[in-house]
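4 protein chains.
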Amino acid sequence: MIVEMKKGALQEQVNTVVERARSFGFDVQLNQGTDKVVVAILGSDTGKAPSDAFAVLPGVESVTRVMKPYKLASREFNRRASKVKAGDIEIGGKKIVIMAGPCAVESQKQLMDTAKSVQKLGAKVVRGGAFKPRTSPFAFQGLEDEGIKLLAKVKSDLGMLVISEIVDVEHIELLAKHIDILQVGARNMQNYSLLKELAKVRQPVLLKRGLSATVTEWLTAADYLMAEGNKKVILCERGIRTFEDSTRFAMDISSIPVIKRFSHLPIIVDPSHAAGHFEYVPSIAKAAIAAGADGLLIEVHPKPEEALVDGLQSLNLKNFQKLMSELKPIAEAVGREI
Amino acid sequence: MIVEMKKGALQEQVNTVVERARSFGFDVQLNQGTDKVVVAILGSDTGKAPSDAFAVLPGVESVTRVMKPYKLASREFNRRASKVKAGDIEIGGKKIVIMAGPCAVESQKQLMDTAKSVQKLGAKVVRGGAFKPRTSPFAFQGLEDEGIKLLAKVKSDLGMLVISEIVDVEHIELLAKHIDILQVGARNMQNYSLLKELAKVRQPVLLKRGLSATVTEWLTAADYLMAEGNKKVILCERGIRTFEDSTRFAMDISSIPVIKRFSHLPIIVDPSHAAGHFEYVPSIAKAAIAAGADGLLIEVHPKPEEALVDGLQSLNLKNFQKLMSELKPIAEAVGREI
Amino acid sequence: MIVEMKKGALQEQVNTVVERARSFGFDVQLNQGTDKVVVAILGSDTGKAPSDAFAVLPGVESVTRVMKPYKLASREFNRRASKVKAGDIEIGGKKIVIMAGPCAVESQKQLMDTAKSVQKLGAKVVRGGAFKPRTSPFAFQGLEDEGIKLLAKVKSDLGMLVISEIVDVEHIELLAKHIDILQVGARNMQNYSLLKELAKVRQPVLLKRGLSATVTEWLTAADYLMAEGNKKVILCERGIRTFEDSTRFAMDISSIPVIKRFSHLPIIVDPSHAAGHFEYVPSIAKAAIAAGADGLLIEVHPKPEEALVDGLQSLNLKNFQKLMSELKPIAEAVGREI
Amino acid sequence: MIVEMKKGALQEQVNTVVERARSFGFDVQLNQGTDKVVVAILGSDTGKAPSDAFAVLPGVESVTRVMKPYKLASREFNRRASKVKAGDIEIGGKKIVIMAGPCAVESQKQLMDTAKSVQKLGAKVVRGGAFKPRTSPFAFQGLEDEGIKLLAKVKSDLGMLVISEIVDVEHIELLAKHIDILQVGARNMQNYSLLKELAKVRQPVLLKRGLSATVTEWLTAADYLMAEGNKKVILCERGIRTFEDSTRFAMDISSIPVIKRFSHLPIIVDPSHAAGHFEYVPSIAKAAIAAGADGLLIEVHPKPEEALVDGLQSLNLKNFQKLMSELKPIAEAVGREI
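Residue numbers (the working numbering), protein chains in the order written: chain A, 1 to 338; chain B, 1 to 338; chain C, 1 to 338; chain D, 1 to 338.
Hints are computed from structural coordinates only; laboratory data are not their basis. Be aware that one or more of the hints could be misleading.
For identical chains, the list gives no copy identity; a pair is met inside one copy or between any two copies.
In silico DSSO-like cross-links for lysine-lysine, where the CA-CA straight-line distance does not exceed 27 Å [claimed, not checked]:
no.: 1; residue 1: Lys6; residue 2: Lys322
no.: 2; residue 1: Lys36; residue 2: Lys95
no.: 3; residue 1: Lys318; residue 2: Lys68
no.: 4; residue 1: Lys48; residue 2: Lys155
no.: 5; residue 1: Lys7; residue 2: Lys83
All values reported here derive from a predicted model rather than from experimental measurement.
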């Protein structure tokens, strides 16, 4: 942490900064410039200290963080890329993992038909929302417990892994029993009550990026899960909110190399929510694999025009099949497999 | 809802759109342009229908909403501005309500001292966080239950109202017992599980704007509370996330007249979180009152340099006193009182 | 400038950083942390040095600026607030300056009628665009030279000052002859060719904030004008681009206290472009004065429903009159006058 | 254009809307809902009409555009993808075009060495800035005329095409004489004076996306060039400004399929400016090709650590060579060639 004193700050004001730094157990070094004093606060844990604790002191002009505020999710903490196991698959290895299925579980037939089809086309995990966080209280809220049971049935009948979103602490027991990968949605990325409870679960957690979360905040949220012992964290980029309105969100493709540089966690991409329109999904999906993503989470619906939720961004089976055949050579081009 | 067909769309594609609209119970009118057909879907409930249901149909180029997706929070639903009662005060009336206090409850002495001081200076409600949602798991998380009890003591000793943040469904009973106004933080604005439960509480709920929520999404979140029967909703603007980094968030001052136009709910402003720095708080607070806000939620700490959370954005008592004296003539200038 | 070396950086890599810093004429101090070396580069001109020059060196993890990149516009350069003279008025003094008039000059009658009316109501400067930068090439582009002549006539007939936008270096001579305050629009804030030429003019320049410019970039653009000798720079906040779509731009009200802290230049506010809708203009205008702005630039049109450009955000005369009467007590409340 | 009248709007207010629409030469159809009247304004040129002209009329609640405001750049105007010829190459065809070179021309040796190297590795166009628009007036501003001459020499010596940025109308003659592709930078995307003059040039113009321009605004800016007769427009996505600060700009990868859907113009990607750091450039470059981009504009410098401008985001020759070898199989995977 770097504390810049104001021009003409008093010696006793500098001393107060130094004392506070030492009270946190940090080392301190003074840099006497021509104009002003700059105090460098050193130590491997300075990322955890609140910068406010210094910024608020008299005579301080500004405080700049050097260390990142996250630790367990950082590449410095774990030099080797982590692979997260879920059932018999591994996320973060050579094989790119495709997760596909409907936005919402609507019925046994819809889910089973979709699951069989995407499995045949190469998807290893079927997705389906049972608890749906919807912007409007008047919209379809999901099949809830019944939806989880339908996912469990798909799992046992087809031998596929299942992923579903968790929105409430009280559903953890139910989901932990039936669901292989628990998904934290973008709107809950900073729902710390939920994160703390999920940290106690043994399943992998897929942590979607908040729609206006920085990469740093995202990795700090991952630290919430890891701090309590759950090391099986998968990150999922799904687009960020910007001024651009031709897509639902702006896919921040650069976050893939940024995450690979600063974190050891695997990262997959959800092209469907970013696009908001099925016509854009293939381009984004291909870009994600080319950029180094470890997997994809794609919305597929046998009849998007009858979907209860997000039909416009869902691929139909024909388009999903076409995409899968296009993804394979790209995966190979970057030294991966699907 | 306006459905624009593609150039050269087939008659049967138009028919499908019309049929789907009718299946929702809506009226339909066709507009035959020189280039393309535009289908107008009419009815007072079209705001609730998902635009995807039409956008996904073959031959459709685009779908545009005309009606807002929120209803109960809208000015059309309730032409007169709502006043929300909390104890013996009213938010949304002629009197501007000042809520002030520390970001986090730290100790009985800290809270009681602050409460007494701000009460003397004109604040009617004391604020103080007991459950703190923090970006980092390594940061101070609040005094939790103990903090709520300290707030309850302030309430009984000083006769002030208290406001505190709720972050978890499981704390509702505790907070509903002791706290006069339950605050939903920005990161929980779209935590629908929490909103649904809060809708059953009798206390007023202060709903902070999500840091990247549009005004429309904010009012739709308010509908979640109101749909289940809690009409006592107070909105709180606290700044939005943008590219600008000189302040913590950008205070969207225009949301005040926008809310006054489209909603009947009262709106207050939190200048502290937007500013991120105490030097900017007075300007933003004065601007908020001049723009028509119904109240302010201000962080005040007797010793900001010793605050455990957000000290930099807290006013000390001297600065709070100065601000209160500056606010009075502005309130009068806009026909209000403090 | 603070250079953080990578964990395990070699001594010779540190040396290279030190040598480069010295080659710029800066002082250097090494901070040996437990994990890594942090190099502090000191000197009053480090703000001008490109951070890339260090970030690109081997062994460097990150570079953080401490000094601002602007100099002449900074409060450190000039501790006293600057007052900018234009004709017989002063911007940045006790008196708040109101500039008002139509978005575009449309005809002699339109301009003269508006000017007379706003003058009577207290405006000291009449605005009117002659060269209009329009998003679409098919839209009305302004009366051009003819418009400037009409403004010159208003100036001589009514004794009002006139402000108009400059969009092209080749118009400088014409505008410098007739126009009192030359306005640089938001889309030209970083048109450095234009700024460099305007720096040679004797008139004050009103520099609008770019629609996605940070405050730091804005003040650095002001440095372009000042570096060549034009000290008469007036800043104009007009809203920034964000995800929010209920207004045309988000009025960043906090930039007023931020500018007052970091710069000595006067700042006025254009509430019309931010609002995009006349109903929101009064709230924003009042907020601006309460927050400390030194003036307002307001679009007023005698018949907004017949305006060729931006009618929706223009106040009619009745609404402008009402606003002026509401602004006076707010100005007094903050110790100013209109 | 869809005009929604207020609830209870008078018949004469509706009539005024209808008359204004007819005065523009548009057709009109009334939609009588249960609550309110919605007026559909029809015609192929409604995209050019200002929505304000209707929004400002009494009794109008809101106006929604259906037609896009751009025309010549639209896919509806030209169903087939355009190929832009520059010398002996074609942008928008099967072959992906790589443009590479230093951010700024620094010396004959630097430019010639880089050009030879990138040519050997497959680049068809060499880039180099002679006129540099810099955020700070104290930064290196380019070699100017001398730089253009050095580019001309490279062109004649190596037979490569050259691209360079134009920042000022007065340089058009010089650049048009020596430079094959004239680049309009992000900060000048809405410098309409410049666009209008460039529209008269015979060379292709590469139009970078403004850093906070929507896709719609970008295509409307392209219309400025095309409206005056220059059909040789190449779009260049270079990242947009958002809240994320780990990269210089957020690469909006989705704009590639969006442009392909709504426009016939070719689009290339500049991964260097988006990344801001050379380590991220390869991922973004590969993603761009996978997503369907027609080319890349990459900053390459033989010694990035000695670059005068933007060294951090420049690839050295070894990294550029590696990237070129990685791009080839991706290009093939999407049915293209490099």
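Going through the hints against the structure:
1. Lys6 to Lys322: For Lys6 and Lys322, only the inter-copy Cα distance (24 Å) is at most 27 Å; the intra-copy one is 61 Å.
2. Lys36 to Lys95: Intra 54 Å, inter 36 Å, cutoff 27 Å: neither.
3. Lys318 to Lys68: neither (45 Å within a copy, 30 Å between copies)
4. Lys48 to Lys155: neither (41 Å within a copy, 34 Å between copies)
5. Lys7 to Lys83: So Lys7 and Lys83 pass the 27 Å test across copies only (24 Å; inside, 50 Å).
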